[in-house]
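*Asks:* Sequence:
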Amino acid sequence: MKSRRKIHRRKRRCLSMGVNALVPHNLEDSKPMSDSENCHEIDVYILSLETTVLRIRFPSRSMNIHISDFLCLREGALLNDIIIDFYINHIAAHLLPDDSVLKLHLFPALFWCHMKESQAKTLALCSKSDLNGGSNIDGKDKSLSENDRICQLEYWLDEENIFDADFLILPINHKQHWSLVVVCSPFLSLSCNLPDQNGQDLPLKPVVIIFDSQQPVEVSLKSLIITELDRFFELAFTKQSSNYSGYCFKNGSFKCIMPKNLPQQKNNVDCGVYILEYARRFLLSPPSIECLQSGDFDFSLLYPDFDVSGKRCEIQRTVLSLCSDYDIWRNLLNTVDVPFKYENHVVRIER
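Residue 1 is where the sequence shown starts when you use full-length UniProt numbering, and the numbers rise one by one after that.
Since the hints were derived computationally from the structure, they do not count as laboratory data. Any given hint could turn out to be false.
[Unchecked claim] The following label-pair restraints were derived from C-beta to C-beta distances:
#1 Phe306 x Ala93: 33 to 41 Å
#2 Asn251 x Arg74: 43 to 51 Å
#3 Ser220 x Leu301: 37 to 45 Å
#4 Glu290 x Ala77: 19 to 27 Å
#5 Asp325 x Arg74: 42 to 50 Å
#6 Glu160 x Asp305: 20 to 28 Å
#7 Asn243 x Arg74: 23 to 31 Å
#8 Ser294 x Glu154: 14 to 22 Å
#9 Leu301 x Ser253: 25 to 33 Å
#10 Pro97 x Asp325: 23 to 31 Å
#11 Asp327 x Ser253: 47 to 55 Å
[As the list claims (entries may be wrong)] Below, simulated DSS-like cross-link-like pairs (lysine-lysine); rule was C-alpha separation at most 30 Å, straight line:
#12 Lys255 x Lys175
#13 Lys255 x Lys239
#14 Lys175 x Lys260
#15 Lys103 x Lys205
#16 Lys250 x Lys239
#17 Lys311 x Lys222
#18 Lys260 x Lys250
#19 Lys255 x Lys103
#20 Lys116 x Lys103
#21 Lys205 x Lys116
#22 Lys260 x Lys311
#23 Lys260 x Lys239
#24 Lys205 x Lys311
#25 Lys103 x Lys266
What you are looking at is a predicted structure, and each value in this text was computed from that prediction instead of being measured. We put the beta carbon where it would ideally sit given N, CA and C, even for glycine.
Start from the sequences and build out the full structure, keeping to the hints where you can.
*Replies:* What follows is the structure, given as structure tokens:
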């Protein structure tokens, strides 16, 4: 290919015209084939996986979608983090009603990766310390590692007050499987030690909802999510405590629930599709506070018409509808479900 950003087409003709060109002629590099290759017609599209289809700026972040990301929307493919982040931001920016008063904080999928990495480093250092009898030197190393972990997590707190949000949205990928975590009313993790009328602590708690399309959720994953959220919120409070004079962070205050009768995937690849539809339904019509506090969250009762058929196609069309050069890319829809293979960082699609 002459350029990694160009899209090329080779066409072998015999009896009749085939599918439309993927792009207008001024963007393609056509190479005529020999007349000897006249057995039947094959349209061959060769696209660089790094070619950018869409550049978009959401309120919380900017992102690029490339050919490689778009191809994740094919049937039988796992959605990647770019598509997951794109659609969740699309819900918040374009699907919520204009008069919505919801305060949302959307974490990218990369956030959970950083959380896991920092935890793994801490565990590795603790193991090293145990093997060496917990020497002072190892203690210093552990302190340095903890500082590194704090610096890494502080990146996600710049100019953000997560305690002011109604919902925190966190997609997580664990063992190549997508789940969705929603933290409801994070402010309730702070205590000002005000008793209620009976002299007891106020009963309301912050709720962590785990949406997973392959239940039951591993106990270890559930424990990891709660533990890491506790650590992150404690760090967030330390960083933002000046905004909450008289309050303290309550460790272990999160109440974890998993919705009842949650629709489940029927194969091994649609987990990403399911969590995106979970997110759309939840954010467009959130359960009541009473429902969440009681822990009696029946998903099928609140969203009886849940359906993911056609979801991949919907996201494909959403991506292309936001392209400034839609006319160039619309024919991607003609190729998205055609078998393809990778060849040296490009994708080869034959029709």
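*Asks:* Given the range 20 to 28 Å, decide if the beta-carbon distance of Glu160 to Asp305 lies inside it.
*Replies:* violated, 34 Å
*Asks:* Are Lys255 and Lys103 close enough, with their CA atoms no more than 30 Å apart?
*Replies:* holds, 20 Å
*Asks:* For Ser294 and Glu154, compare the CB-CB distance with the range 14 to 22 Å and indicate the outcome.
*Replies:* The hint (14 to 22 Å, Cβ to Cβ) is violated, given that Ser294 and Glu154 are roughly 35 Å apart.
*Asks:* Is it true that the CA of Lys260 sits at most 30 Å from the CA of Lys239?
*Replies:* violated, 36 Å
*Asks:* When you check the alpha-carbon spacing of Lys205 and Lys311, does it fall within 30 Å?
*Replies:* violated, 34 Å
*Asks:* Are the Cα positions of Lys175 and Lys260 separated by 30 Å at most?
*Replies:* This hinted pair holds, its Cα atoms lying about 23 Å apart.
*Asks:* In this structure, is the beta-carbon distance linking Ser220 and Leu301 contained in 37 to 45 Å?
*Replies:* violated, 29 Å
*Asks:* With a cut-off of 30 Å on the C-alpha distance, tell me whether Lys260 and Lys311 pass.
*Replies:* holds, 22 Å
*Asks:* Starting from Lys311, check that the Cα of Lys222 is at most 30 Å away, please.
*Replies:* holds, 27 Å
*Asks:* Has the hinted range 23 to 31 Å been met by the Cβ atoms of Pro97 and Asp325?
*Replies:* About 29 Å separates the Cβ atoms of Pro97 and Asp325, which means 23 to 31 Å holds.
*Asks:* Within 23 to 31 Å or not, the Cβ separation of Asn243 and Arg74?
*Replies:* violated, 46 Å
*Asks:* CB of Glu290 to CB of Ala77, is that within 19 to 27 Å?
*Replies:* violated, 40 Å
Consistency with the previously given hints fails for numbers 1, 3, 4, 5, 6, 7, 8, 23, 24, 25, ordered from lowest to highest.
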